[in-house]
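With chain A held as given, fit chains B and C onto it using these hints.
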Amino acid sequence: MSMKTSHATFKERIDIQMQDDYMRQSVANAQERMFTNRAKAAEALGNWEQWREMGKEIRQHVLENLDYYLEQLSDKVVENGGNVFFASTAEEARGYIEGVLKEKKAKKIVKSKSMVTEEIDLNKAIIGLGCEVIETDLGEYILQVDDCDPPSHIVVPALHKNRTQIRDIFKEKVGYQGTNDPEEMTRFVRQHIRHDFLEADIGITGCNFAVAETGTVSLVTNEGNARLATSLPKTHIAVMGMERLVPTFEELDIVVSLLCRSAVGLPLTGYVTALTGPRESDQCDGPEEFHLVIVDNGRSAILGSEFKDILRCIRCAACVNTCPAYRHIGGQSYGSIYSGPVGAVLSPLLGGYEDFKELPYACSLCQSCNDVCPVKIPLSDLLLKHRRVMAESKLTPLGERAAAGFFNFVNARPALWGKTVKAGAKVANATIKDGKMPFNVGPLKDWTDSRDLPQPDGESFRSWFKNRQQTKGDQQKNEAGDHHD
Amino acid sequence: MTNPARLQNRTAFLENIAKVLDRPRRTQAPVRPALKYRCHQEVMAGWSPDQLRDRLVDYTENALGAKAIVTTKAQLSRVLSEACLAYQQNTLSDDGKDVVLSADVRLQAGIDINQLTQAGLSLYVWDSSLGYDANIRACERAKVGVVFAEQALAESGTMVLYSQVEQGRVISLLPEASVFIVPKSAIVPRLTQATAVLTEKAKAGKRMPSCINFISGPSSTADIELIKVVGVHGPIFATYIILDDQ
Amino acid sequence: MKVNFFVTCLCDTVKANVAKRTVALLEQLGCEVIFPEAQSCCGQPSINSGYVESSKPAMKSFIRAFECNDYPIVTPAGSCAAMVKAYPEYLRNEPEWASRAQAVADRLFELTQFVVRELGVVQLGAKLVGTAVYHPSCSLIRKLGVRDEPLSLLAEVEGLTLLPIDNQETCCGFGGTFSVKMGEISGEMVKEKVRHMSEVTPDYLIGADISCLMNIGGRLHREGKAIKVMHIAEVLASR
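Chains as they are written, first to last, in this note's numbering: chain A, 1 to 485; chain B, 1001 to 1246; chain C, 2001 to 2239.
Isolated chain A, as found in the complex:
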């Protein structure tokens, strides 16, 4: 799956998604649970604002010195006996990984959940080589088995499916005979793909954070699949976005703590695994060969832009879990593997405005995302920046640009504005009856599709105030006059 997950238009996607009552209920429940869990975890830790501030500063420091830390990281990986490939593009990353697969004559690859491998469309390349690739994270496995259905959440990719849908998929595709009980289905997958881990030639993982000082790749997981994928196959390939690192283990503590609490509301997830190079020569399990693929794929352009703050992101999905727009349209509406506020910021940057131009507008600017982000990314401000870039490079509809131009022309001329307001009040007062206007087109229709118009209060305030001041003045004059008489 590449970053773009759909060829339908944004409007078509949200129309389909908003009909999906199960998905919407499920997302609403999930948001509430995850939001509450996150809030409780932050509260339990205490000093959350200090933690966030540290998280922000650590990530900021890394971005400002990224060339140094990547050099240190790569030197260290090689010193530890691993290999490092710097990939400027998705093609280069795929090409390198294909090379490793061919050299190893790999037949079977087990993967643990990784967004960046989705972003570079790695599975397609692997299958193109005639290899079998198994997504082993339960959520990703469900989606892969379901003909590569796109993910709807960064952390819980199959959030949009209910247990019965999942049972039916398993029944049809992998011969499952059991009930729709989540535990039974989970055990089935455990048994069903255990042999794949044992047979796999190569394990591919992402990287939550690399540690530059030691050449370590850390993985934050729950299911144990990432451990299997990095313990049993002879070769481990880790793919990381170039910004996903910290200087030392001291900073790793802070960012992992922020990630686990923000993503799942726990002090730590089931497994935090820190992998340093291939196994030592005297040990017998773990990979003999380790490859780290460091991917740019558009990130350096972001680093040099006004959007660089988004590179602090640690992919916890706290913003997704609080976003009221995401709540109603679900993840697949974004048409990108990255959904929610972070997806709306990141997708146009990595995939271009052409495919993702609507996403920055799918936001009421409520700023709830800014408040929960553990590394204090001003997501809502970045969405506004996107709108500005599109408006100023004329990517917005002509009618909208004309309307904005007209509005700004009037609004910058106080006398004209005053007249417009007075006239507007009269028109509104004369035409809005019981929440409706006699005509219902354009933005008016978009509004009245779900709500009525306000009942106007009569003349404009400014007319009233002027009259009042005049009356007051007259009274004062009269009073003064009376006094003199």
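Treat the hints with care, as some may be off.
When the alpha-carbon atoms are kept at most 30 Å apart in a straight line, the in silico DSSO-like pairs for lysine-lysine are as follows [stated by the list, open to error]: (1) 2225(C) - 466(A); (2) 173(A) - 234(A); (3) 2060(C) - 426(A); (4) 426(A) - 2225(C); (5) 472(A) - 2020(C); (6) 426(A) - 2181(C); (7) 102(A) - 2020(C); (8) 40(A) - 376(A); (9) 1184(B) - 1201(B); (10) 2127(C) - 2228(C); (11) 56(A) - 466(A); (12) 11(A) - 2191(C); (13) 433(A) - 2181(C); (14) 2085(C) - 394(A); (15) 433(A) - 2191(C); (16) 1201(B) - 234(A); (17) 2225(C) - 357(A); (18) 2181(C) - 2191(C); (19) 433(A) - 2228(C); (20) 1036(B) - 308(A); (21) 2127(C) - 472(A).
Derived from the structure by calculation, the hints contain no laboratory data.
Remember, predicted model here, so these are calculated numbers, not experimental data.
Positioned in the frame of chain A, the structure of chains B and C alone reads:
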């Protein structure tokens, strides 16, 4: 000197980063700013070993759905036997009744193998010299894997394992149940103290163990309807045995 | 004390009563209210749609309008206040204008903020009998950090009981041009807000941002709900 074949495309990649950052390439270590706050150091600061142990037990039992047993050195073999036997009776399928024991000297010194065998356990002790296949096969058919933890984190109910010759990665991964043994003196408040040890190691120029695991309970997932299911690809059951060594 | 009144375009054109009540309230508190006639819209519809560059003349016109004196500026709308407070950032590349914008922004207060923080008053002698849901608008709580001020004013209103609702601090879905540009999403958001409100069957919906009240009120009207929508200025003027 690094082998160029093992390090590809680096120069152009890093030059480009320097370019977008609008400055020359940074090749000297930047001043790493000290962490701004100490809130991570303050979590459970000043707690006694008993308080940390109680917190670990409480979190493990109530939040992780795992067992925590506090015992003494003298009782360890008995407690360990009982824990393993319980899992043998309590597992999903009947094939395989083995217990794989780490060869960690701290573990081996603390238990009486004969007592375990007499209790009815069939044991396999990890042996790297036998190679990958033999050890993997043993763990794949075993019901229980027993390991010795470097540290335990009270805040999150976490066992810290370093991969080592005597204790492979898969002992705590392939068998259905994991038993961790940790001395009370090794219980620390949180991840902060565990990463501090690793930072010290790094400063001393030592290579990190190739695999360090922070394990909190059995494996789990919430990928179906956000319902927590314990036991996915990793172990389904876990017991922490805390050795009262103080 | 003399204060400038920034009416906001919605109050000026369709909700003049809210503006009138605000003026009355300020006068009750001993303020002499000045209405600088040259004031216009804060520019939100255009700025939040990305037309920042072409909005700058209007921002400057707004700044000029309120430079007529040095008195505080009071407005009965959190979102418009937040917008003006963002001017200095937008005008960053024109230092002279940025500092003029800052000076205006520093004098600008949202109504409840002004009454509680600047005047130090919470008891206004208001009386309104019944139950109400208070909607804390995003602009108020997240952009301006005004969370407790409206609540402390409402707590003093005789006969009024506030009812909590689920997801109280979730956006109502207005979002300015979002409400028409993304009408379907906005519509679903306001439907959910109304659903949560209806669960507690209040007599009133109270807020301090007229735009949110128009949005939620428009939905309440559509659903034929007998919940009366009131701006906090109207509540505080009730006797």
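Results of checking the hints against the structure:
At most 30 Å may separate the alpha-carbon atoms for a hinted pair to count; residue 2225(C) and residue 466(A) exceed this at roughly 36 Å. The hinted pair formed by residue 173(A) and residue 234(A) meets the criterion: a straight-line CA distance of about 29 Å does not exceed 30 Å. Annotation: proposed proximity of residue 2060(C) to residue 426(A) holds, straight-line Cα distance about 28 Å (limit 30 Å). For the hint linking residue 426(A) to residue 2225(C), the alpha-carbon distance of about 27 Å falls within 30 Å, and the restraint holds.
A distance of roughly 15 Å separates the Cα atoms of residue 472(A) and residue 2020(C); the hinted pair therefore holds under the 30 Å criterion. The straight-line distance between the Cα atoms of residue 426(A) and residue 2181(C) is roughly 26 Å, inside the 30 Å bound, and the hint therefore holds. For the hint pairing residue 102(A) with residue 2020(C), the CA-to-CA distance comes to about 77 Å; that exceeds 30 Å, so the pair is violated. Between residue 40(A) and residue 376(A) the alpha-carbon distance is near 18 Å, which keeps this suggested pair within the 30 Å criterion.
Taking the CA atoms of residue 1184(B) and residue 1201(B), the gap is near 22 Å; set against the 30 Å cutoff, the hint holds. Proposed proximity of residue 2127(C) and residue 2228(C) is supported: the alpha carbons are some 15 Å apart, at most 30 Å. For a cut-off of 30 Å, the pair hint linking residue 56(A) to residue 466(A) is broken: about 51 Å separates their Cα positions. Straight-line distance between C-alpha atoms of residue 11(A) and residue 2191(C) comes to about 19 Å, which keeps the hinted pair within the 30 Å bound.
For the suggested pair residue 433(A) and residue 2181(C), the alpha carbons sit about 24 Å apart, so the restraint of at most 30 Å is met. Of the supplied pair hints, the one linking residue 2085(C) and residue 394(A) holds, its CA atoms being roughly 27 Å apart against a limit of 30 Å. Restraint check for residue 433(A) and residue 2191(C): satisfied, since their Cα atoms lie roughly 22 Å apart, inside the 30 Å limit. For the hint linking residue 1201(B) to residue 234(A), the alpha-carbon distance of about 27 Å falls within 30 Å, and the restraint holds.
This hinted pair does not check out: residue 2225(C) and residue 357(A) have alpha carbons roughly 37 Å apart, beyond 30 Å. Distance check on the hinted pair: residue 2181(C) and residue 2191(C) sit about 17 Å apart at the alpha-carbon level, within 30 Å; holds. Between the alpha carbons of residue 433(A) and residue 2228(C) the distance comes to roughly 18 Å, so the proposed pair stays at or under 30 Å and holds. For a cut-off of 30 Å, the pair hint linking residue 1036(B) to residue 308(A) stands: about 22 Å separates their Cα positions.
Our distance criterion of 30 Å between C-alpha atoms is met by residue 2127(C) and residue 472(A), whose separation comes to about 28 Å.
In this structure, the hints that do not hold are numbers 1, 7, 11, 17, in rising order.
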